[in-house]
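With chain A fixed as given, assemble chains B and C onto it according to the hints.
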Amino acid sequence: MSASPSDQFNFLNRRSFMSTGAAGAVVPVVGGCFASGASAQPSPARDGRALFSTELKVNGQIHRLPLDIRTTLLDALREHVGLTGTKKGCDQGQCGACTVHVDGVRVLACLTLAATVGSREVTTIEGLMKADGTLHPMQQAFVDRDALQCGYCTPGQIMSAIGCVKEGHAGSDGDIREYMSGNLCRCAAYPNIVAAIKQAKPAMEA
Amino acid sequence: MTIQMSKTFAATIEAPSPGANMGQAVPRYDAREKVTGQAKYASDYAVQRPAYAYLLTSAISLGSIVSFDLEKARAIPGVLAILTYHDMKDTVADSKFFASGGYLGSTIRPMQSAEISHDGQIIAIVLAETYETAREASYLIDVVFDVKPPSASFDTLGAKVRSAKLASLLTHDDPAVGDIEKGFASADVVIEAGYSTPIQHHNPMELFTTTCSWDGDKLTIYEPSQSVYGLKNGVAEQLGVDAGNVHVVNPYVGGAFGSKGMVTHRTALIAVAAKKIKRPVKLVATRDQGFTIATYRAETRHKIRIGATRDGKLSALSHEGWEVTSRPDSYAVSGTEATSRIYACPNVSTKVNIVYADRNTPGFMRSPPEVPYMFALESAMDELAEKLGMDPVELRRVNDTMREPIKGLPYTSRSLMACFDQASSAFGWSKRNLRPGSMRDGDWLIGWGCATATYPTQMAAAAARVRWSSNGNVEVETAAHDVGTGAYTVIAQTAADKLGVSIVKVTVRLGDTSFPPSPVAGGSITTASTCSAVAHTCDLLIARMAQRVGGAEDGQRAARVEGTQLVDSRGGKEEVAAAFERMGNTVLEQYGEWTPDGGGKGDIKSLYAGRSKITGGAKLKNSIQHAFGAEFVEVRVHARTKEVRVPRIVGAFAAGRILNPRTARSQLMGGMIWGISSALHEATEIDAQTARYINDNLADYLVPVNADVERVEVIFVPETDTQVNPIGVKGLGELGNVGTNAAVANAVYHATGQRVRDLPVRIDHLIV
Amino acid sequence: MRPFLIERASTEQQAVSIAARVAGSDLAADRPFQFLAGGTTLIDLMKLDVMRPATLIDVNGIRTPEVSSISLENGVLRLGSLVRMAHAADHNAIKSQFPVIAESLALAASAQLRNMASLGGNALQRTRCPYFRDFSYRRCNKRVPGSGCSAMDGVNRLHAVLGVSNDCIAAYPGDFSVALIALDATVEIAGPNGTSKRPFADLHRAPGATPQIETTLAPGDFITTFVIPATPYARRSRYVKVRDRQSYEFALASAAIVLDMDGGIVREARIALGGVATTPWRARDAEAALKGRRLDETTAQAAAEIAFNGASAREHNAFKIPLGKATVVRALLETAALGIAT
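Protein chains in written order, with my numbering: chain A, 14 to 219; chain B, 376 to 1143; chain C, 34 to 375.
In isolation and in its complexed conformation, chain A is listed as follows:
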């Protein structure tokens, strides 16, 4: 940037967005979803801003949602399904607070488009507890080991920890630390998180 005392420039002058690139003759297949009439746009199928009705299977329940196609799984869960246990800590794949399971695999909901989840099963922190109120062994271990402080990263830590055990990456303290390093805890409950995973692992494997 120029250091002249008064340097006037036009900032952010970017080209305007070109509406879409889809060929007119072909109806796009949109992540298993279909175009809804929710938008007043003349040609919803060609408008990337139109709302699409999509189905998400979360914790065994099917939710039919009208979503902007740009909606991440994280925002879909929090703002549309109403499951706010999954947290937004960075929205850039840099903190792990939004970790959920998709078909049993731990992934980041902030970098997953809801429209691409399709029929796969999403499991969130709210889906772990049994109907009778019994906690998942990992949840119980986090309580027992005081593996949390402010609690904001905790849902992501727990979902990640379950994945860590299932993947077979909880065989040693060193492995647990390494394979849990995608979940930042600013309160730094890390040693207690390692202890919790060690406590829960045999119970999960039993």
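Hint data in this document are derived by calculation from the structure and do not stem from the laboratory. Warning: the hint list may mix true and false statements.
What the hints assert, rightly or not - Calculated lysine-lysine pairs in the DSS-like style (CA-CA distance at most 27 Å, straight line): (1) Lys128(C) / Lys70(A); (2) Lys80(C) / Lys447(B); (3) Lys179(A) / Lys128(C).
Quick look at chains B and C alone, frame taken from chain A:
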């Protein structure tokens, strides 16, 4: 794969069993809600038909806005409004800096004019039906700026320096005693060195969010806050509305570390936006925006000179500090308050300077004064020990004192050397070879270092409401804040202990301005303040119940619950159940207020107005109150590539009564890891030409990950202090991360022979 | 994030033909589409408004073996481009036969990201240069060709010292590609004009005067497979990654080493560097210097010096030159010391 760390230790997993002067290590009160995803943080609250807000922030650091082109952005379907200073000026009243008796963490007022005073200043708010639309529209706003060259930091053209004593509104006085030149003249050994610490951002995991919803004249704010009464009153003042109409809801805070203590401008702006479009507005600011719309720890520089006689006794100590702040706000942490007082020294001279640059205003960040200033002092002490050929622990011992040197006030209690002795023994310090570079494990150089931790014991007035039912249930309500500290838990324990009920019978409600006020969750004051108020309120309740035990009528008489019985001061006894029956099986409700010694008459009134009058530490007339600790660190530095890792750290702390050793241990452990982070990881990089933060994200602003932390051992040194407050608590939320950075740097010196005086210690320093 | 449409491909040919159609419909758009695999780079950069595809071609439904599987036959390792990083990192045969690949993957990103990210996407990940990633900086030749470079005189601690130009010093951030280039991998491509292959070493382009062009791929080219030739001695290989924190961070410097040893004598050495260069970087001159020599401190140092011949630093990244050299020495000696069962 190979994990590049040499040793695997078992994690320290057991909750400590209570020692002398400790409460029970009960599990965290709020753990179940937090592990099930049920704990509601501010942005988890659903409001009716929210409009989503997205901030546009300034890409320049100094200058003004010439024009906006909003046309393209407005044309996007779903955009409800785009607000700029044209719409917002005169909607938010001028308000005072917190240090001048106001509420604001910065007096730089965004969107009230065309002026730009720092990088990332809020310049527009896009409101849309969806988050995705609001974000897209923000990209399409064209702004023409008139740019002026900004001053980024120290040494940049235009940065102005003033003495804090003259400039600071924090009533800073440079502590000094004796004759400094005489002190140096009588020294056998003198060391002199400069140190620096970087910009750091709190980066709590929870983003800076605000949801505002109007119902007629009544405003509800959902926002993470360390001071809900401050937020309520501050926003009311800015909006010119009756504070009684503002309700702040925030039962859980996703980490704060100081960043959520002061009122930021976003809240009033979002409230105005919600009023304008007649809909609730929800803002979840992005991670990078959090670097500029809230506060941070400013960079500091230090010049330290210490003189000592051969036996290690300090004869002179001079500490001069420089701190960066924004143009308008004279913010300084002034850590010489502590560094001038913790060692015996007859001749002390200190000075703090404030450097004004084109930056957002800094603010409190976990152990605000001590982290930078104690880094300098504790590094210098290590350099002095080296020069004297003395063990660093022994150097602390010969300078230990029960009276602070500036005014000669006695410490109410001080267990520094007990901390050093217990930590050094657990660490195995006696096996240390003094010579730098003498310890090695394969390709890893090993170094051991230590430092003193200290933090003032502070508190403020607090109020609480307690309800006690004949079925044994107890409800406690106070607008305190659990920022991860365990406040819910220790408050529940306090009420349970006082009223003789099981903790499972106690319900605690916090973080809501419909409850009686508690002070800001800062300065490690919550436990001492709020638990004192809760204990006092329970005492009032018991006294009311006990009024008629033995027929006495004196409502203020001392009484207590022992087991299942009420016992009055004359030994009169009655079963609690019988007392409830006698009173008609009612619910007894009691409101109570508590003001600490050193506090004033108006403190409760101030508290209701959202201002916490904090007392204690070095502010008292007849004594000084501090908690102490000692930290020992092992570092491993790769002999070739020079990465520094910390495989183990041991800290011993004495902080008066420990209400809950489990949550206290977590606090101290987290603090120590913060200290490691301060030593090795954290630094906000600033572009010198544009005065913009460069690494404003969690991939580039490094905080430790799980793999960075191996073994952390926390030792509680039993300490009883009956003077600090009725419950004997000193507070330890900030103690753990003081001195750690110096202990790490000292260990790095021991490993490598290279003295790094500028944090963070990085490969850059060590590879030459 | 700009608006976009999603199309779904179930074969690589379909992906390519959708791309051709989409590109054909709007020639004015510089990048009318992007293939969406794990999305860990793409979705991130779309949120930052740095990437603005009008169409996402979701390729995650492709199940053809070329693209979605791992095979090891006659020592030749074929890695489908849609294999997830975690899958390859945990693959037993890769861990034993090509440890440098498994390590480069396991030391990258985080477990969650490795579960999501595809090998192809990882190889093509964009730089972490903060001035590139933040569109509010006017000057970035990679983002806006001809606009200048903010990093050159800005905060450039993480930037490259090898392969830089006057227009761009952005570092290539990946790890897996460093292992691939060390192993003389080939990349197989499905494109508008059929399939083709080229050396992996020819995939990435140094910035030169056109830093916006990062690879030699033509629009619509879709990487199907990485082929690693039979390299029996690759069992003696290692990936050393140096960073400020222990995990979940990009490399300050890294080295992929593959050694063919005859006792203490080097028959053949492969040295590739990460974190210090604008592209995955092969240090062939350094390799040549080791050939036929005994590998020890002195020869390793000499090779490291050669590897950084011509390195050029800016204000904050000068440390990367000694660090890069130290990384090479460390990695060479550690690889030589590996106990390899024969």
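Hints, verified against the model:
1. Lys128(C) / Lys70(A): The hint is violated at about 36 Å.
2. Lys80(C) / Lys447(B): holds (19 Å)
3. Lys179(A) / Lys128(C): holds (20 Å)
Checked against the numbered hints given earlier, the structure breaks only hint 1 and satisfies all the rest.
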